[in-house]
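Asker: Chains as they are written, first to last, in this note's numbering: chain W, 15 to 422; chain L, 7 to 85.
The set of hints was computed from the structure by calculation and includes no laboratory data. Ideal Cβ placement from N, Cα and C applies to all residues, glycine included. Just to be clear, a hint being listed does not mean it is correct.
[Claimed, not checked] Now the in silico label distances, taken between C-beta atoms and shown as ranges:
#1 Ala8(L) with Glu129(W): 21 to 31 Å
#2 Thr70(W) with Thr52(L): 19 to 29 Å
#3 Glu129(W) with Leu48(L): 13 to 23 Å
#4 Arg315(W) with Thr52(L): 27 to 37 Å
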Amino acid sequence: MRTVLHSDLNNFYASVECVYEPSLRKVPLAVCGDPEARHGIVLAKNELAKATGVKTGEAIWQARQKCPGLKILPPDFKKYLRFARMMRGIYADYTDFIEPFGLDEAWLDVSSCHESGERIADELRRRAKEELGLTVSVGVSFNKIFAKLGSDMKKPDATTVISPENYREKVWPLPVEDLLYVGPATKRKLWLRGIRTIGELANCDIQLLRGALGKNGEMLWNFARGNDCSPVLPEGEAAMVKSVGNSTTAPRDLENDRDVYLVLLVLCESVAERLREQSLRGDVVSVSVRDCELNTRSFQRKLPRPTALSAEIAMHARELFRERWYWEKPIRSLGVCVSGLSSQTEGVQLSMFPEANARRYELEGAIDEIRRRFGHGSISRASLLADQRINCINPREDHVIHPVGWRG
Amino acid sequence: MARRAYVRVVAEFSEEGRITPLTVEWEDGRKFRVDKLLDVRLAPATKAGGQGMRYTVRIGGRETYLFEDEGRWFVEARA
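Let the sequences and hints guide you as you build the complete structure.
Answerer: Written out as structure tokens, the structure is:
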């Protein structure tokens, strides 16, 4: 049987800020995005703010309504990255199998360690406190799904063990939405069928779930029964993702095609750069659009051949947008994603115009190199100079903090 | 309440990458010799805030902490 830990740094950003300024522990604190750039939401809060009902993801004004004395700080990602790196250094003393999930969470497979999972979890907690000044919650279990559930059950600074013997008592009474991958839409579908707890999910007829949720239904049913054998992937291998995407909330609402094309171009450049960095290319382009009332729609199309060229991705993204979006409302945020990934070294159907394509790859490769050496802003497309506010979006560096999509 | 007081440090770097602080120069210019290095570990500066590699040193018969945070050194001073 495997021993898998899931470690979660409690209130990560806010806790790091408190390490630097201990007096902040005595006031309700939230780390929030920049309201000027319209990222004005709560990214993390400390325990005092949490007690007043402040929630991650809500707007600053909502948080202030609940907690008038709320102290607000801008995020300092450089600092958080440093702490995440130090925490990873601690994990690495126990195992090479560390799969990060965002900056503040990670799975560890400690099956080959001599000590018990619980002992290692307690030690991680002690060391995080003594060496970094942070607290972590750790879930200990025999698979990743239950380990993650465990780390959520008791916070802050706690170890929760979910074993094959006790998972029915500990996990099954929990609400079904506590399970990884049960979002609002899935929860609604499950509720409609009278499934409200993880135990009810585990004990329902699998055919019912297949009918309601397709393949995902079967996956969730297995998760609820503790049948998750997805491995903890060491960093690097975890990057063998199924898609590469970027999204951004524009500095102002977008109201015409031209604005949208500019933002799409910025996003496509970042996506293409990341594809090339991992020697990947993809043949499905998706565009997701969220309007100013927060309704989201997404469109996708299959390309005739895989690509990692920003010009090509941008062309398809633009066409998709033009064909499918009818401008009922202004747009708040946009996303571009490339999937159907294959390695650049795999065989591919050749283009009728190979030379033109090879030259484009050389050109974009040269741009990558310039950006790597001199910074993202050192070179940009002339068309982006028309709107400096859009041009200053750097999806790549602004968005390293979000967890990559993960699927067992 | 304590504060972080950044200090100038003269240190020795060994071939293995070990760093041994030799002298510490206070903000007011006073210099102190480090008599002995007692311990080195990652730790938060619980009084003044901050975190880094914590050097426990003996200076003039008294034990004190010296922190190194991304190349800058500080001590916890009375505010």
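Asker: Each hint: holds or not?
Answerer: Tested hints:
Checking the proposed 21 to 31 Å range against Ala8(L) and Glu129(W) shows it is violated: the Cβ atoms sit about 37 Å from each other. About 26 Å separates the C-beta atoms of Thr70(W) and Thr52(L), a value consistent with the hinted range of 19 to 29 Å. As the Cβ distance of Glu129(W) to Leu48(L) is approximately 21 Å, the hint placing it in 13 to 23 Å holds. Checking the proposed 27 to 37 Å range against Arg315(W) and Thr52(L) shows it is violated: the Cβ atoms sit about 56 Å from each other.
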